[in-house]
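Once you've looked at the hints, dock chain B against the given chain A.
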Amino acid sequence: MKNAITDSLIITKRQLLQLARVPEVLIFSTIQPVMFVLLFRFVFGGSISTGQPGGYVQLLMPGIFVQTVAFTLAATASGLAEDMKKGLIDRFRSLPIARSALVVGRTLGDSLLNILVLVVMAAAGFAVGWRPTASVLSVFSAFVFLLLFGYALSWTGIYAGLAVKDARTVQNVSFLITFPMTFLSNAFAPTTGMPKALQYVAEWNPVSTMVAACRELFGLQNEFGATANSFPSQHPLITSIFYMVLIMVIFVPLSVRKYKNSSN
Amino acid sequence: MKSIIAQNLVKTYRNGEVKALDDLSLDVEEGTVLSVLGPNGAGKTTTVRILATLLKPDSGSATVSGIDVIKHPDKVRELIGLSGQYAAVDETLTGWDNLVMFGRLYHLGKVASIKRAEDLLERFSLTDSARRPIKTYSGGMRRRLDLAASLIVQPKVLFLDEPTTGLDPRGRQEMWEVIQELVKGGVTLLLTTQYLEEADQLADEIAVIDHGKVIARGTSDALKRQVGGERLEITVENADIARAQDIIARISGSATHTDVRTISAPVTTGSIALMDALRALDEAKIHPLDIGLKRPSLDDVFLSLTGHVAEESEAEPVKDKRRGKK
Numbered sequence: 019m020k021n022a023i024t025d026s027l028i029i030t031k032r033q034l035l036q037l038a039r040v041p042e043v044l045i046f047s048t049i050q051p052v053m054f055v056l057l058f059r060f061v062f063g064g065s066i067s068t069g070q071p072g073g074y075v076q077l078l079m080p081g082i083f084v085q086t087v088a089f090t091l092a093a094t095a096s097g098l099a100e101d102m103k104k105g106l107i108d109r110f111r112s113l114p115i116a117r118s119a120l121v122v123g124r125t126l127g128d129s130l131l132n133i134l135v136l137v138v139m140a141a142a143g144f145a146v147g148w149r150p151t152a153s154v155l156s157v158f159s160a161f162v163f164l165l166l167f168g169y170a171l172s173w174t175g176i177y178a179g180l181a182v183k184d185a186r187t188v189q190n191v192s193f194l195i196t197f198p199m200t201f202l203s204n205a206f207a208p209t210t211g212m213p214k215a216l217q218y219v220a221e222w223n224p225v226s227t228m229v230a231a232c233r234e235l236f237g238l239q240n241e242f243g244a245t246a247n248s249f250p251s252q253h254p255l256i257t258s259i260f261y262m263v264l265i266m267v268i269f270v271p272l273s274v275r276k277y278k279n280s281s282n
Numbered sequence: 073m074k075s076i077i078a079q080n081l082v083k084t085y086r087n088g089e090v091k092a093l094d095d096l097s098l099d100v101e102e103g104t105v106l107s108v109l110g111p112n113g114a115g116k117t118t119t120v121r122i123l124a125t126l127l128k129p130d131s132g133s134a135t136v137s138g139i140d141v142i143k144h145p146d147k148v149r150e151l152i153g154l155s156g157q158y159a160a161v162d163e164t165l166t167g168w169d170n171l172v173m174f175g176r177l178y179h180l181g182k183v184a185s186i187k188r189a190e191d192l193l194e195r196f197s198l199t200d201s202a203r204r205p206i207k208t209y210s211g212g213m214r215r216r217l218d219l220a221a222s223l224i225v226q227p228k229v230l231f232l233d234e235p236t237t238g239l240d241p242r243g244r245q246e247m248w249e250v251i252q253e254l255v256k257g258g259v260t261l262l263l264t265t266q267y268l269e270e271a272d273q274l275a276d277e278i279a280v281i282d283h284g285k286v287i288a289r290g291t292s293d294a295l296k297r298q299v300g301g302e303r304l305e306i307t308v309e310n311a312d313i314a315r316a317q318d319i320i321a322r323i324s325g326s327a328t329h330t331d332v333r334t335i336s337a338p339v340t341t342g343s344i345a346l347m348d349a350l351r352a353l354d355e356a357k358i359h360p361l362d363i364g365l366k367r368p369s370l371d372d373v374f375l376s377l378t379g380h381v382a383e384e385s386e387a388e389p390v391k392d393k394r395r396g397k398k
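Here the protein sequences line up with chains A and B, keeping their order.
So in our numbering, the last spot in the first sequence is 282, and the numbers never skip.
So in our numbering, the last spot in the second sequence is 398, and the numbers never skip.
The shape of chain A in the complex, shown without the other chains (with noise of 0.2 Å):
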């Protein structure tokens, strides 16, 4: 067991040594998302009028916060991808160490990642007129819990790595799978605008409730979510806590599973 946590973390250490000799992937991975914030403040803030103090930086910085850690579902499916291409999954299964070592190294790393340029990104937000009302505490907590979202979508993004096996391939599916999932919620847009059939798909997505309850943390109304008035957007909390609870009970087994078996 002990072995088993050093070995995770040394391919975490991996990660981040990859980082350190090709620093372009780090600078890309949060130009990208300081770009949206810029982007979306400056070209739509101007358009979405809000009720709230503060205007729409206060609900898009949760939104691109969802986007963002999303994301990591391609992130860490092409990268795993790119691994087994290059035949070090091999060399890593023909080492005396843990199974799930490779795995949770790297969800752990995608996730290191992620506080990194979530770091950056609420720079870019407060530079640009974000300013979250609530307690310290509560935007922490907010923090901490879009960390968990990321590392519970690494874990679906794992098997959609395992599965696929070509790193380009394997980034183009997950984009199609996360674009319309962050664009169909109330991340950027209010829902009210929606087909009212795809208004009730909106208020269920998990990318809804995180940014709805990110937005309670960080001590906004959340003005775009309410419009169906379904369960979710009452309680995006506890909804959100049950989809990572939910993501993690399917996608962990299946994961390590599909590992396990990988070149079977």
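Hints are supplied without guarantee of correctness; some may be wrong.
[To be verified] Here are some chain A residues pointing at chain B (derived, C-beta under 7 Å):
1. 108
2. 109
3. 111
4. 113
5. 114
Calculated directly from the structure, the hints in this document are not laboratory data.
Built from N, CA and C at the ideal position, the CB exists for glycine as well.
The following block gives chain B in isolation, referenced to the frame of chain A:
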């Protein structure tokens, strides 16, 4: 004592459509080198992957150092090293990073991992490029680093899967020297290759496999005798054919075979026979268009053992084949 024993291994892919291993059995005496020789798709990699615990056979059994690879893969992994076309290193990291990481994954501890990495880099002449990402390495350097990574904990049994495929002649030569050095250290080695010459250089024994079966087994000399050894081959002008045939027959001591203007005959003395032939032809004022020694190739081995040439078959998954080639 046998270090590696594989018995009646069967492995099929795509729900039984493709038979990669068809009742394959082999064994390797401790401290010796067995070369598994065969064309692409013959089942070489599948065999190595099963023995190295990466793949479970559909049926059959295998042991490494007496330990069952299917029942106790974890114990086997502590004893083996694996390197070759599929086992790999992290290309974005430096050679040093990689070796230290693998040392830590073998639970050597930080200090010992660093020490071991530095020793191995020195031993494989990679110290100068230790701090460069593997991406920048030449093919030969990359293979040497890969090999180094499989030697971190002095394995008792080493598997090298086509260690020189894709290397240029110089890289191949360097790799052979490194492997020969290792063998002197007493490791048991199972090496797969597509090159008869490589098997000849490195192995005590050769197992020829085709369509997932061992079709011949023996020392390099024994196999060559079976295949036929070197042949002297000469091409001359039409007018000189008859006289050249006499000369070649005299040097060879055996019957010659003539195909259009090319005359060939088996020889046992190699380059000496070649020089004798050149001298004799010169005295007879015959100017050959082409002359040389022809060594039996893998194709010759296959032709004589199976009656068909070593064609590419589809017996291994396409993804696996693609990986090794760069």
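Results of checking the hints against the structure:
no. : hint : verdict
1   : 108  : holds (5 Å)
2   : 109  : holds (4 Å)
3   : 111  : holds (6 Å)
4   : 113  : holds (5 Å)
5   : 114  : holds (4 Å)
Violation of the numbered hints given earlier is absent; every hint is satisfied by the structure.
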